[in-house]
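Colleague: My request is simple: use the sequences and hints to build the entire structure.
Protein chains: 2
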Amino acid sequence: MADVMEVGIEDLGLFTDLYQLTMAQSYFEHRKNRLATFSLFIRTYPPHRHFFVAAGLNTVLEYLQQVHFPSSALAYLRQTGRFSEAFLTYLATWQFRGEVWALPEGTVFFANEPILEVTAPIIDAQLVESFLVNAIHLQTLIATKAARCVQAAQGRRLMDFALRRTHGTDAAMKVARASYLAGFDSTSNVLAGQHYGIPIAGTMAHSYVTCFAEEIEAFRSFAHTFPQQTVLLIDTYDTITGAKRAAEVGQEMAQRGRRLLGVRLDSGDMTALSKTVRNILDTAGLPEVQIVASGGFDEYAIAQAVQEGARIDVFGVGTKMGVAADAPYYDMAYKLVKYDGRPIMKLSSGKVTLVEEKQVWRCTSDGHDVEDLIALRHERLDQPDLHPLLTCVMHDRRVLQPLPSLEASRAYHADQMVHLPDRYKTLHHGETYPVRLSAALESAQQQVEMAIREDTASVQ
Amino acid sequence: MADVMEVGIEDLGLFTDLYQLTMAQSYFEHRKNRLATFSLFIRTYPPHRHFFVAAGLNTVLEYLQQVHFPSSALAYLRQTGRFSEAFLTYLATWQFRGEVWALPEGTVFFANEPILEVTAPIIDAQLVESFLVNAIHLQTLIATKAARCVQAAQGRRLMDFALRRTHGTDAAMKVARASYLAGFDSTSNVLAGQHYGIPIAGTMAHSYVTCFAEEIEAFRSFAHTFPQQTVLLIDTYDTITGAKRAAEVGQEMAQRGRRLLGVRLDSGDMTALSKTVRNILDTAGLPEVQIVASGGFDEYAIAQAVQEGARIDVFGVGTKMGVAADAPYYDMAYKLVKYDGRPIMKLSSGKVTLVEEKQVWRCTSDGHDVEDLIALRHERLDQPDLHPLLTCVMHDRRVLQPLPSLEASRAYHADQMVHLPDRYKTLHHGETYPVRLSAALESAQQQVEMAIREDTASVQ
Numbered sequence: 001m002a003d004v005m006e007v008g009i010e011d012l013g014l015f016t017d018l019y020q021l022t023m024a025q026s027y028f029e030h031r032k033n034r035l036a037t038f039s040l041f042i043r044t045y046p047p048h049r050h051f052f053v054a055a056g057l058n059t060v061l062e063y064l065q066q067v068h069f070p071s072s073a074l075a076y077l078r079q080t081g082r083f084s085e086a087f088l089t090y091l092a093t094w095q096f097r098g099e100v101w102a103l104p105e106g107t108v109f110f111a112n113e114p115i116l117e118v119t120a121p122i123i124d125a126q127l128v129e130s131f132l133v134n135a136i137h138l139q140t141l142i143a144t145k146a147a148r149c150v151q152a153a154q155g156r157r158l159m160d161f162a163l164r165r166t167h168g169t170d171a172a173m174k175v176a177r178a179s180y181l182a183g184f185d186s187t188s189n190v191l192a193g194q195h196y197g198i199p200i201a202g203t204m205a206h207s208y209v210t211c212f213a214e215e216i217e218a219f220r221s222f223a224h225t226f227p228q229q230t231v232l233l234i235d236t237y238d239t240i241t242g243a244k245r246a247a248e249v250g251q252e253m254a255q256r257g258r259r260l261l262g263v264r265l266d267s268g269d270m271t272a273l274s275k276t277v278r279n280i281l282d283t284a285g286l287p288e289v290q291i292v293a294s295g296g297f298d299e300y301a302i303a304q305a306v307q308e309g310a311r312i313d314v315f316g317v318g319t320k321m322g323v324a325a326d327a328p329y330y331d332m333a334y335k336l337v338k339y340d341g342r343p344i345m346k347l348s349s350g351k352v353t354l355v356e357e358k359q360v361w362r363c364t365s366d367g368h369d370v371e372d373l374i375a376l377r378h379e380r381l382d383q384p385d386l387h388p389l390l391t392c393v394m395h396d397r398r399v400l401q402p403l404p405s406l407e408a409s410r411a412y413h414a415d416q417m418v419h420l421p422d423r424y425k426t427l428h429h430g431e432t433y434p435v436r437l438s439a440a441l442e443s444a445q446q447q448v449e450m451a452i453r454e455d456t457a458s459v460q
Numbered sequence: 001m002a003d004v005m006e007v008g009i010e011d012l013g014l015f016t017d018l019y020q021l022t023m024a025q026s027y028f029e030h031r032k033n034r035l036a037t038f039s040l041f042i043r044t045y046p047p048h049r050h051f052f053v054a055a056g057l058n059t060v061l062e063y064l065q066q067v068h069f070p071s072s073a074l075a076y077l078r079q080t081g082r083f084s085e086a087f088l089t090y091l092a093t094w095q096f097r098g099e100v101w102a103l104p105e106g107t108v109f110f111a112n113e114p115i116l117e118v119t120a121p122i123i124d125a126q127l128v129e130s131f132l133v134n135a136i137h138l139q140t141l142i143a144t145k146a147a148r149c150v151q152a153a154q155g156r157r158l159m160d161f162a163l164r165r166t167h168g169t170d171a172a173m174k175v176a177r178a179s180y181l182a183g184f185d186s187t188s189n190v191l192a193g194q195h196y197g198i199p200i201a202g203t204m205a206h207s208y209v210t211c212f213a214e215e216i217e218a219f220r221s222f223a224h225t226f227p228q229q230t231v232l233l234i235d236t237y238d239t240i241t242g243a244k245r246a247a248e249v250g251q252e253m254a255q256r257g258r259r260l261l262g263v264r265l266d267s268g269d270m271t272a273l274s275k276t277v278r279n280i281l282d283t284a285g286l287p288e289v290q291i292v293a294s295g296g297f298d299e300y301a302i303a304q305a306v307q308e309g310a311r312i313d314v315f316g317v318g319t320k321m322g323v324a325a326d327a328p329y330y331d332m333a334y335k336l337v338k339y340d341g342r343p344i345m346k347l348s349s350g351k352v353t354l355v356e357e358k359q360v361w362r363c364t365s366d367g368h369d370v371e372d373l374i375a376l377r378h379e380r381l382d383q384p385d386l387h388p389l390l391t392c393v394m395h396d397r398r399v400l401q402p403l404p405s406l407e408a409s410r411a412y413h414a415d416q417m418v419h420l421p422d423r424y425k426t427l428h429h430g431e432t433y434p435v436r437l438s439a440a441l442e443s444a445q446q447q448v449e450m451a452i453r454e455d456t457a458s459v460q
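Residue numbers (the working numbering), protein chains in the order written: chain A, 1 to 460; chain B, 1 to 460.
Derived from the structure by calculation, the hints contain no laboratory data. Any given hint might turn out to be false.
[Stated by the list, open to error] Straight line, CA to CA, 30 Å or less: simulated DSSO-like cross-link-like pairs of lysine-lysine:
no.	chain 1	residue 1	chain 2	residue 2
1	A	LYS425	A	LYS275
2	B	LYS425	A	LYS32
3	B	LYS32	A	LYS244
4	B	LYS275	B	LYS425
5	A	LYS244	A	LYS275
6	B	LYS275	B	LYS244
[Said to hold, decoys possible] Stretch by stretch, here's where chain A covers chain B in the computed footprint (C-beta under 8 Å, at least three residues):
no.	stretch
7	31-42
8	154-164
For each residue, glycine too, the CB sits at the ideal point set by N, CA and C.
Modeller: Structural data, given as structure tokens:
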């Protein structure tokens with residue numbers, strides 16, 4: 001079963017980059033396992049993005065409580081010939097022991113702000129890096145893309161149809177969850193419905209229509225099986241013809257005291273077709289029958305359809321959301337910012353990090369977000385218009401408070417979006433939200449940078 | 001553990017789009033479960049692509065042998081209120097029974113050619129669609145991207161560094177496997193090393209360097225732990241300074257009878273830096289120390305570095321390969337092409353399908369691929385310059401022959417690439433490989449299309 005189900009609980013230890021394990025062995029050998037703080041953040045905005053939506057924390061916390069190295073993992077490591085018996089013995093009982101501060105899922109945040117900070121013995125903090133980045137990167141990527149779709153839809157409903165073209169099975173699940181967190185209404189992914197309690201939705205496929213000799217026969221058959229939940233796909237042969245046949249079936253259902261729920265468009269000029277189809281349905285006395293549209297939608301196509309006055313009630317949003325097609329990765333980094341009490345920075349070209357444990361404070365005015373302040377974590381900034389965003393979620397293997405439910409996180413996210421002014425939410429040409437460093441953090445940065453530059457200069 | 005490990009064997013049944021299950025119930029209710037053939041193919045080339053590399057078949061075959069609906073899945077379906085007890089009882093003992101023809105993993109193929117065809121009772125063929133597309137889409141997407149990187153590298157070695165930014169855990173595994181299939185040499189993903197037997201590789205992170213007070217102390221410590229396998233990361237503070245320190249450590253190792261394996265560049269102008277660093281290492285008497293480069297590489301950046309004469313021996317290729325950044329999805333479809341003996345086509349705008357069970361024949365001349373011919377499967381085209389590509393891999397739940405090992409598929413793929421003329425392999429402006437339809441398939445297409453158009457016209 002190696003191929004269908006790759007990553008189980010027993011596999012979490014080895015789900016990491018080799019260098020995490022080799023560095024760990026070197027730290028272990030040199031007895032260099034003091035407390036380290038790592039900060040996870042996104043360096044830059046990809047094109048058209050001006051905010052991000054935090055997601056993936058639930059996954060991370062479950063991982064941190066479970067990750068370990070079973071004997072099968074140790075046997076594999078042993079046979080690579082790279083690891084000492086002393087280190088393998090250490091790994092056999094290793095568990096993550098650390099403190100985690102994080103943005104709650106659904107939080108709106110900005111470039112260079114810590115999404116999550118881990119303080120742990122450096123071996124612990126390092127071994128978990130690869131999984132942490134993987135989980136937070138994917139879910140934040142998708143929640144952000146989905147939030148943009150929600151903005152574009154201006155209240156119209158959204159269904160996640162991405163399952164078949166997400167990158168693998170794990171992504172299919174996380175896409176369903178992250179898009180729901182960001183305000184989607186349902187998913188076609190039945191397993192996500194079971195696992196997360198997300199409402200499931202679906203229509204019918206072209207294959208259903210084509211396996212009947214006549215389109216209308218297919219429509220009638222489906223309506224017979226699902227008298228309350230039928231959405232007919234009308235573009236298999238010709239959309240206008242399909243709409244007329246659907247209207248006929250809708251009228252037949254009405255005569256039986258049933259109701260056709262909707263029709264689906266999946267190709268062609270959606271705006272023009274939706275208007276014509278709306279007219280056909282209305283003329284047939286079926287104004288309550290909804291129009292679902294799918295096929296290549298993302299935030300840009302949704303916004304265009306809305307602007308053109310398309311009569312679309314529900315968008316089925318698949319591939320382009322599910323792979324975040326216009327920005328399929330973020331420049332996300334997990335960087336050492338403190339080791340054994342010493343603030344740490346790297347200076348590689350264009351990749352400066354913010355030192356020390358931090359807190360992000362959001363400044364609001366009249367119910368609107370005004371700016372964020374990244375400060376040293378211990379700074380006390382108790383002004384009434386500032387509130388801290390990072391909370392301590394894990395300490396010494398224990399999750400500190402019950403995590404919010406997905407529904408609660410979804411509501412929290414919706415509230416976050418209300419407070420973010422429109423100029424940061426536009427799909428194109430948005431403004432960059434102001435993020436300042438506190439004077440104390442600024443000063444800490446300068447001191448560390450100066451010390452490194454002096455050190456580097458001395459050997460050149 | 002719902003969040004860490006989403007999709008286990010028991011979950012495979014529900015890992016599908018809702019409409020597959022609702023259509024299945026409707027087929028079941030109408031006793032309409034005759035043999036259907038579905039064809040999986042890619043409709044169009046994304047920008048810059050002129051060939052694809054088939055991958056994912058192993059995953060699919062394991063899935064088809066395992067997928068079922070355990071009682072927990074049935075309980076969930078029951079509580080949705082959409083499904084009849086009769087249908088749930090049917091699902092309780094349902095297993096996939098069908099015949100699968102497919103391109104072997106590693107096969108080079110082209111737009112509109114079937115990658116895989118399933119012939120099964122329509123309920124069976126339909127329920128498995130979502131997983132099949134998900135698996136073949138991801139692995140083909142990545143194998144193709146990776147094959148392009150291999151072309152660009154012109155013999156230089158390639159390491160998969162994508163794990164942390166692939167879309168989820170399943171993708172991290174499949175990316176390691178698909179890139180190795182396509183000719184990569186190793187992966188940083190330790191679990192992929194264990195599961196697939198792929199060589200694992202890695203260097204060190206900036207955090208390792210920065211947690212020591214001095215860069216050279218970090219280098220010496222790592223070299224002490226790994227006297228045979230040390231690759232030093234030299235760009236944490238300043239790459240040239242780092243290279244000089246690495247050379248010093250390399251000389252110290254040589255004096256102890258050890259050998260520094262390499263240094264890694266991870267930022268800046270890689271071509272220029274690689275030449276300078278090569279010079280520093282050579283001058284220090286370390287010509288055997290290799291230069292590894294990572295950071296934003298994809299086929300385009302690799303090709304540019306090679307063209308500029310970069311002295312890079314090994315490329316670490318991460319995010320852009322692992323998410324196929326310039327083309328993160330394909331227009332892949334799984335379409336009904338025959339039902340109960342009747343050829344099937346849909347005509348939705350721009351989405352014409354090829355009817356009936358098919359075979360793809362490759363025509364070669366002087367050891368080079370010349371053109372492909374898509375024919376009806378039963379056609380006999382036994383010319384010496386033609387050979388069929390699709391093979392029957394599964395019949396009635398049995399995999400018909402032992403699948404080739406990953407190493408064998410990798411060698412087969414390399415051979416496929418040798419036979420594909422260069423003009424189809426260039427990164428930009430490649431030519432479109434000629435794919436013809438056989439006269440019999442062409443004629444079948446025309447007959448079906450004409451019948452549909454007549455039928456549609458009659459109701460307008």
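Colleague: Let me make sure I understand: some of the numbered hints might not hold for this structure. Which ones are they, in numerical order?
Modeller: Number 2 - this is the single hint that the structure violates.
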